[in-house]
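These protein sequences, in sequence, are chains A and F.
With the working numbering, letter number 225 in the first sequence gets 500, and the count goes up by one each step, no holes.
With the working numbering, letter number 166 in the second sequence gets 441, and the count goes up by one each step, no holes.
Check the hints yourself; a few may be wrong.
Each pair may be met inside one copy or between any two copies, as identical chains are not told apart.
List of simulated lysine-lysine pairs, BS3-like, C-alpha gap at most 30 Å [stated by the list, open to error]:
no., residue 1, residue 2
1, LYS291, LYS483
2, LYS300, LYS462
3, LYS442, LYS300
4, LYS293, LYS308
5, LYS444, LYS480
6, LYS419, LYS363
7, LYS480, LYS291
8, LYS383, LYS291
Because the hints were derived from the structure by calculation, they are not lab data.
Number of protein chains: 2
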Amino acid sequence: MAIACNRQILLAETPKSKLGPEHFKLTEGEMPKPAEGEILVRVRLISLDAANRAWMQGATYRSAVTAGSVMAGGSVAEVIESHAPQFKPGDLVFGDTGWQEYASVPAKALTRLPKIEPMTNLISVYGIAGLTAYFGLLDIGNPKSGETVVVSAAAGSVGSIVGQIAKIKHCRVIGIAGGAEKCVWLKNQLGFDEAVDYKSGALFKTLKSAAPNGIDVYFDNVGGEIFEACLAQMNVRGRIACCGAVSQYDMAAPASGPRGVPGLIVVKRLRAEGFIVTDFFDQRERAIAIFSPGFSRASSRYRRTSSRDLRTRRKR
Amino acid sequence: MAIACNRQILLAETPKSKLGPEHFKLTEGEMPKPAEGEILVRVRLISLDAANRAWMQGATYRSAVTAGSVMAGGSVAEVIESHAPQFKPGDLVFGDTGWQEYASVPAKALTRLPKIEPMTNLISVYGIAGLTAYFGLLDIGNPKSGETVVVSAAAGSVGSIVGQIAKIKHCRVIGIAGGAEKCVWLKNQLGFDEAVDYKSGALFKTLKSAAPNGIDVYFDNVGGEIFEACLAQMNVRGRIACCGAVSQYDMAAPASGPRGVPGLIVVKRLRAEGFIVTDFFDQRERAIAIFSPGFSRASSRYRRTSSRDLRTRRKR
Chain A
276 MAIACNRQIL LAETPKSKLG PEHFKLTEGE MPKPAEGEIL VRVRLISLDA ANRAWMQGAT
336 YRSAVTAGSV MAGGSVAEVI ESHAPQFKPG DLVFGDTGWQ EYASVPAKAL TRLPKIEPMT
396 NLISVYGIAG LTAYFGLLDI GNPKSGETVV VSAAAGSVGS IVGQIAKIKH CRVIGIAGGA
456 EKCVWLKNQL GFDEAVDYKS GALFKTLKSA APNGIDVYFD NVGGEIFEAC LAQMNVRGRI
516 ACCGAVSQYD MAAPASGPRG VPGLIVVKRL RAEGFIVTDF FDQRERAIAI FSPGFSRASS
576 RYRRTSSRDL RTRRKR
Chain F
276 MAIACNRQIL LAETPKSKLG PEHFKLTEGE MPKPAEGEIL VRVRLISLDA ANRAWMQGAT
336 YRSAVTAGSV MAGGSVAEVI ESHAPQFKPG DLVFGDTGWQ EYASVPAKAL TRLPKIEPMT
396 NLISVYGIAG LTAYFGLLDI GNPKSGETVV VSAAAGSVGS IVGQIAKIKH CRVIGIAGGA
456 EKCVWLKNQL GFDEAVDYKS GALFKTLKSA APNGIDVYFD NVGGEIFEAC LAQMNVRGRI
516 ACCGAVSQYD MAAPASGPRG VPGLIVVKRL RAEGFIVTDF FDQRERAIAI FSPGFSRASS
576 RYRRTSSRDL RTRRKR
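Input sequences plus hints: build the corresponding full structure.
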């Protein structure tokens, strides 16, 4: 093989407030040399997740991404050179390669992927976003038919899938998103029952109109004021699936938490539970079934919508 | 029967800040006249619980206690006159009588109690406090042998029992209480492993020294800054049993929530869950077994300690 160089995106500087292009730097690194048990892969699609921003703030469930290092992130990649029996050149895998063209990753840290078209589905419905939505909504939120599900960052990669799965499960679904355009998209394209534009003001009141029977499951991607507004409207024995806290990621120091914690959690017997998608990777097959052709015959509307949406979103 | 009057304690005024004797008024009301299906009871022991204060703030899981009405509360009471087949004069019951000498209560809202000595055990280990501690710690917190359990308001009626049950379950137990005297009592009399005086300052650091391996179960009675300090020291997959928010009850408006909600809940995959003891009343027998003579032969130290403590506390 004659590969000249390995393009990499470094985190040039740890952001102290809003993240921007100035915090990154494109560079050319050396080609990694896989050791025994490692696999050299070529990155095909990088999964850009909100969690990436959180990793820059400090140690979370993984070490912090520090200035000067290759930006961390998962990707769909193709095996180029294998030093482990379970993979061969041409295999598709998912792994924590970082934002670079080539990476050398221990074989045991890679997950084999099927070859499907479009390949982008492997980082959307079948990837971090889809698996996060699936396990967070169903295993943590546990919605029942007829219940009201609210999801924040609803037009995001995870939120948009959460709402669609909730519709498959016969729930009333309300998305919270920023801006009228996103809200129209959620209702008209994805089939959400209601969409609330948090930027239009009067969030609490608008949400109340959209969820007149209260909230049974809140899938939280944002924390902060939106968490607070939802918490106050939760029904008794409601569940909050804590997936992320996007509203906090651009802050240098953590803000105060939502009012009503823990008072309303007690009074309403709520359960707020956090999760990380990687904890569910061993149950990946179960999740993928909901998006598979077999399942989609029964709920083709949502599967078709989902694929179309994700294509649409990539064009923006 | 010739009973002259019914002494009652009214909530004279809704407190806007710290609760004091000035918010109550002793008065003489009329003797209640039980209708069909109701039971006239004489109150023997009133259960004074932190939740009583919360009820004055507004509607919770029950209607607010409003100025001018008899203060609400549960009590151990004796049946005086029965208009339902399941109770007869002399029976001991638990019910929501309010703070008065006599009350007329629907038979179906009463729980029959055994006659045990001292009767005070019926409002401590066998009462609201004991049942709250039992179900909150074991069903919500679910501690495992060897885990670290932290309880706030540890010298209170609930907290002191939580710690003792956690010891029975072979946990490392740390109590957070206000003042050196309470802390000495927790360690020397109740057998807590460590006690942290939150009034001495440096709560975070002191707690860290007391729980060097982090916190697996936090039984929260207080909310606020103590919740925040514990949250930051929770271990991955830790559980927070949300029992009350004493730190908030004297406030006119709700304060901001603890920092780290929901960010740390996500990162550490925590579960914070609220509960109300009355939801568990149908499982009362299971809880009482842990304090029963049969059980106490195996763990007599804790049962003896518990009885002695509760007597000691009543004298203060």
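Going down the list of hints, with the structure as the test:
In this assembly of identical chains, LYS291 and LYS483 lie within 30 Å of each other by CA distance solely across copies; the values are 28 Å between and 35 Å within a copy. In this assembly of identical chains, LYS300 and LYS462 lie within 30 Å of each other by CA distance neither inside one copy nor across copies; the values are 38 Å within and 56 Å between. For a Cα distance limit of 30 Å, the shortest separation of LYS442 from LYS300 qualifies neither inside one copy, at 41 Å, nor across copies, at 55 Å. Within a single copy, LYS293 and LYS308 get their C-alpha atoms no closer than 36 Å, and across copies no closer than 68 Å, so neither meets the 30 Å cut-off.
In this assembly of identical chains, LYS444 and LYS480 lie within 30 Å of each other by CA distance solely inside one copy; the values are 26 Å within and 47 Å between copies. Taking the shortest Cα distances, LYS419 and LYS363 never come within 30 Å of each other, neither inside one copy (43 Å) nor across copies (44 Å). In this assembly of identical chains, the alpha carbons of LYS480 and LYS291 lie at most 30 Å apart only when taken from different copies (26 Å versus 33 Å within one copy). In this assembly of identical chains, the alpha carbons of LYS383 and LYS291 never lie at most 30 Å apart, being 35 Å within a copy and 60 Å across copies at closest.
The structure shown violates the earlier hints numbered 2, 3, 4, 6, 8.
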